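Residue numbers (my numbering): 1 to 226.
Be aware that a few hints might be false.
Said to hold, decoys possible - Simulated crosslink set (DSS-like; lysine-lysine; CA at most 30 Å straight-line):
| # | residue 1 | residue 2 |
| --- | --- | --- |
| 1 | 166 | 186 |
| 2 | 63 | 198 |
| 3 | 166 | 63 |
| 4 | 198 | 126 |
| 5 | 210 | 63 |
| 6 | 156 | 186 |
| 7 | 156 | 198 |
| 8 | 63 | 73 |
| 9 | 210 | 166 |
| 10 | 186 | 73 |
| 11 | 126 | 210 |
No wet-lab data here; the hints were simulated from the structure. Since the structure is predicted, the reported quantities are computational estimates derived from the model, not experimental observations.
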Amino acid sequence: MFQKALLVARPSALSFALLVFIVLPASNADSIQEQPGDRALGSLWAPIVMIEYHSLDCIYCAKFHAETYPELKRAYIDTGLVRFVYRDFPLSWAALEAAILTHCAPPERYFTIFDMLLVAQSHWVKAESTARAVARIGETQGVTPAQYRACLDERKWERQIYLSRKYASEVLGVTATPTFFINGEKLEGNITFDELAKGLDHMLNEIQRKSPDYTHRAQGSEERGL
């Protein structure tokens, strides 16, 4: 199902200028349909849905969440303009075990544990036992080692994560992480906030031009585990 050897995600060459010329509505509507296991931040009324396929052992995912995501959240997610959806695409057995922990935790702890795993990535990825190293992180957020072991043994989340990865690969053509779908348009690799903001602002202007009242419906921010 997953290779136990660490697979390093390759950085994709970005041509985000192409995003500026997106024609709405999105051409790949399948990518923004809700999927089991989705975790999301932002208003349900947000005019832009941005989905990230991530692997928790991916250094480029860690870089995105450390450098770009905080500004994205402040400027677009918290203001109701973007709904950001997290989806699993583990590239190794270690990443799978880490992903299982995020889902084993209560939904309100998902985002904290996700961030902690990325920050501590170099430690648990290289650990002799990924499960033990990951369990220690979960324990700080109220997930006992016994609870985490039960999630591993039950294999419910392993199956769900596998199906998420299979769908992304076979239906959406995802091959690397991070891969984003922004209102259905595919964008691969890490990206700076300034580059992302240019594309998002253009999309918002286009949405506003075609439906003047739509962006005003995105009031507030809602955190929701789907």
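Hint check results:
1. 166 / 186: holds (17 Å)
2. 63 / 198: holds (19 Å)
3. 166 / 63: holds (25 Å)
4. 198 / 126: Violated. Residue 198 to residue 126 sits at ~37 Å, over the 30 Å cutoff.
5. 210 / 63: Violated, because 35 Å separates the two Cα atoms, which is more than 30 Å.
6. 156 / 186: holds (29 Å)
7. 156 / 198: With a Cα-Cα distance of about 40 Å, the restraint between residue 156 and residue 198 is violated, given a limit of 30 Å.
8. 63 / 73: holds (15 Å)
9. 210 / 166: violated (35 Å)
10. 186 / 73: holds (20 Å)
11. 126 / 210: violated (50 Å)
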